[in-house]
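Asker: Each chain, written out:
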Amino acid sequence: MTTSSVSKGCFVFKPSSKKKKTTSLKASDYFHDGKADSQNSESRFETCQSLWQRMKAETERVQEDLNTKILDSLLEFARKSTASFQSKTDDWASRMRASEIPTAALVLGVNVPDHAMTFQSLSALLQESVTPYVVCLQSKECSALKQVLQKVLVQLMGHSVSVEDDDDEEDQPGPPPAGIPSRKMLCSMATLCGWYTAVTQKSASPSPGKKRLSSSKGCGQRPPVVVIFKDLESFTPRVLQEFIVISSRYIQQIPLIFIFGIATSPITIHGMLPHSVSSLLCIQLFQSLSCTQHLATVIDKLVLTTTFPFKLSGKVLQVLISIFLYHDFSVRNFIKGLQLSLLDHFYSQPLSVLCCDKQEARSRAKELSHEDCENIRQLPSFMRYVEKQEPEIQVQLLTSDQRVKDVTQSLLKELHAYHKNYYPVLRCLHALTSSLPKYPLGKQIRELHGICLEKNVWETEEYESAFQLLRMLAKDELVAALRTCTEILKCAKKLGDAVEKLEEFIERFELLDRCSAVVETGQEGEEELLPQKGLQKKTDLFQLQKSLLERESRRTKKLSKFELLRLAVLDCIDSIVKKHLLPPESQPLHEVFYYSSAGTLRRHLNAAPRTAIQTALNNPYCYLQSEALKSEGGAISNAAPDICIVYKLHLECGRLINLYDWLEAYATVVAAAEGKDPDSTAAAQLDDVKHARFIRAVSELEFLGFIKPTKQKTDHVARLTWGGC
Amino acid sequence: MPALIQHPGFSELELRCVEEKLVCRESQVSMLLSIFGEPQQYSYPSVFIYGHAATGKSFVTQTLLREHQLPHALLNCVECSTSRLLFEHILNQLCAHSPSPDNEFSSHTRCDSFNDFIRLYRQLADLQQQKSTTYIVLDRAEALRDMDANLLSGFLRLQELVGGNVTVIFLSEIVWDKFRLNTGCFEPLIICFPDYSKAELQQILSLDHHPDYSADLYASYINILLGVFYSVCRDLKELRHLAALNFTKFCEPLVKGEAKESDTHRLWRNIEPHLKKAMQTVYLREISRSQWEEMQRKEGELHLKGLSAHAHVELPYYSKFLLIAAYLASFNPARADKRFFLKHHGKIKKTNFLKKHEKTSNHLLGPKPFPLDRLLAIFYSIVDSRVAPTANIFSQISSLVVLQLLALVGHDDQLNSPKYKCAVSFDFIRAIAR
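Quick note, the sequences are listed as chains D and B, same order.
According to the UniProt record's numbering, the first sequence is numbered sequentially starting from 1.
According to the UniProt record's numbering, the second sequence is numbered sequentially starting from 1.
Bound-form chain D, shown alone (with noise of 0.2 Å):
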């Protein structure tokens, strides 16, 4: 580009408005694979962030539900610890009492990174109704005292200028630098107190607008100063002490209350702080709810619902929950991975368009284009549906695209009641079965869900051994859970006829309460004492289920009305299950809702960069995708990239490596590729590019962490992996 001016300089081109517009792409533009039409890729984009809105909404009003409880005494807290500030009546005990700073010591469990949004939402609702002057610190800003005093400074008085911009602007007209920290300013806790009382007084005197305000908040005219100490254990010991050791000198003047966000146990803080510093302090202990509950709640929420169309299958869910469990108890990395996978099957599975609500579905499904159509009738579950079909209906299903909408039509539908029976009979088969020792099905209802998602339930040996321990429930236990159950199935319009039969079931058994009445001495009560008497000596589980199951194989021939029918409630329970929990895979068209890519998913979620980087120095076909690298075995080929050749090479030396002999190595191999021969004197002279090749080769193996320099031997260096000689 040229410009008019003699001088010579930099100048700035504004790049033109016409070349922005064809660079800039928009996020559903990359939403195709390469073959799908851009209409259907928008609508799957759309349809995508839709419904990972929608997700995203519920997880948040989720995990805020789980958190009121323990957000709520925290502001109880806060509030009576403030309340006590202000009521400083000149008894006595109040006088005699050292004064402690009020502290919250919040156990968080281990996953730090998940703790963030507790704390957000802690100090706006605080900011909210008790305080104004909330300060939030994390450990990686505060190495030392200045700078954790420079933070509370900046946080306290750079807000003060936010809140005199709100309220009263004509209030004072001299300095308006009153909150950004001049250099000036010494960073000290003098300066935090003369603030503070100025900005108190401020507040107590005229605008009477202000002091509505403050009272309304219920925090008088004195709002304490809170400091949250996101992640103690971080935090340098040293530090810490002192902080608390000054803050005391200052309450004062200042009420301050502390939080420690806490990720291992209680004991830590005795760990760092000595009893001269703790005695400062007023430790009340608040613990948050487990983390694994947290997950069960949030897949109840998530998973575990008809709300959402988009499904997981079997191992998807094995794979996220297992980086749950294993890896990080981190609910927030388990949600990204919803939303991982949630984005790849949208974007990878064409037929996802269907993937919607019900109506949205139907109208779709109307105006299916003919590839659709034609991946439809790819799709493995369709498949099978068309061979079951009568002869000329399936010719009709392969050649006509209207037939073909018809059905996809009719067999949304269908998936969508299976899902709508599907849950309500899952919780209420791990209602009845999640009480049962040693939880054959699973202690929680994700077990059960995995199982159900794998294959046909009844056909497993857990759920044999559930059934077979039901079979010898009491009486007043199992109509607990038959009643648990009829709630649960009475949320699902489609299951009336079940729910009556358990409610006649459950009636039926009332009677037989009444009937046993009655008929008090009979000699079947006696014979049922008998045993039980019998039954309490042992504790053994093992000893009792197996006399139990004695006891059923003894009395087979004569059972009484209550045993009898409670065989004939669990035989209609069995039939609900062989109806309703059918695994997905049985249904046709189930890869719309089901993402089942779990290869993918753990991939991208548990990386392995050791692996990788192995694979493609071992075998660099696996990502160059040349055939020139095509090799068998363990040969090296010789066309591959220099650093693949080196490393080969070094695979083959001992800890120490000489530099000169790997040298030597490398420019035969190199020349051979050439297709010179190995053994003319020509190849084996080193020319100055091969040289230079092999220290680049040899540099990049040291930064992967492969090699090191060593001084134990010149021109060595030192094998820093296993293996060799």
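Straight-line distance between alpha carbons at most 30 Å, and here's what the computed DSBU-like set of lysine-lysine pairs gives:
| no. | chain 1 | residue 1 | chain 2 | residue 2 |
| --- | --- | --- | --- | --- |
| 1 | B | 277 | B | 256 |
| 2 | B | 419 | D | 713 |
| 3 | D | 388 | D | 494 |
| 4 | D | 708 | B | 419 |
| 5 | D | 490 | D | 455 |
| 6 | B | 256 | D | 80 |
| 7 | B | 277 | D | 80 |
| 8 | B | 276 | D | 80 |
| 9 | D | 388 | D | 578 |
It should be emphasised that the hints constitute simulated quantities derived from the structure, not laboratory data.
Starting from the known structure of chain D, fit chain B onto it as the hints suggest.
Answerer: Just chain B now, kept in the frame of chain D:
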């Protein structure tokens, strides 16, 4: 009654007033007063006062200076983390300046070095035309040792440097020997504040009796309290705190009318188990003051668990194994690894014996550092299933370090086999392994 403390520079009345406030410190007070001399007289350049926590060092100096209205500056050295803060605080106090919005929270003048401080101090002294001695009190003077090297020696001879009537008083819990610089310095006058004896504690604590009850009753209460706590705690502040917390419980039988004030034995029986419980809980800050009061109000119905009771930590599955592996690597010698973790090894009986034997001695030695490779090798051998070396495993190690369950030893080279130490106890590991 003739006053114990006599001094020509101050009136009888003032001295009487001081004496009333400063009980059991008569000899120290008179010593200090005689060092101070009359207001206009030059005093000794620097005085070093030491004694345990809560022996009245700060209180005595503060009261003396305030009561006699001597010009002074009181500083806490912990609060002044840099020398600039220290200097500016002193100057602020001497010219009665405090940070406020009107002065943009700045200090009186900017002062960066000792040299500036001397100059500014001289200016200030010229300005104020002060005749009487100015006192600069540096509380918690032990923090000075970690600051600039010239601070301590400079303050010791401040009088000489500024050429004015100034005395620096150092207060510390540490003896002077620990302060002495190897380059040599001006030796201050040293005054020791000894611990209060049991009788003195009794006397001081009995002073603040409850207005609703007689002084004798309170004195007997203090007697009981000291009987329980004197063996573990001689800190006056802490004792006062405990006395205040438990007094309502002590008075309970009196309020209910079950006992009279003279019924000392019954009162003792009532309060003694309660105080013992307090020693185990509220004194150690296992449960907080407010919770303790709550408990008293509810008559001990709810049993509160202390902080230490919540020792359990929930960890992800592999983190547990990593921590166990780290523990094994820290407390087992590396040469024994082959014996412990290799599957096919014949001499099982012998190794078991050896393991037990070695463990006891190794526990006494404390955790030893181990390289990352060894940790991972042990980890793979103790986990049943195959675990891919994913990024998650490595991030778990670093998050264990953040949680201070593992400690990173020597962080010079992260690429080249970092070394770790296990920072948790055997009991912790046992709870995890369960």
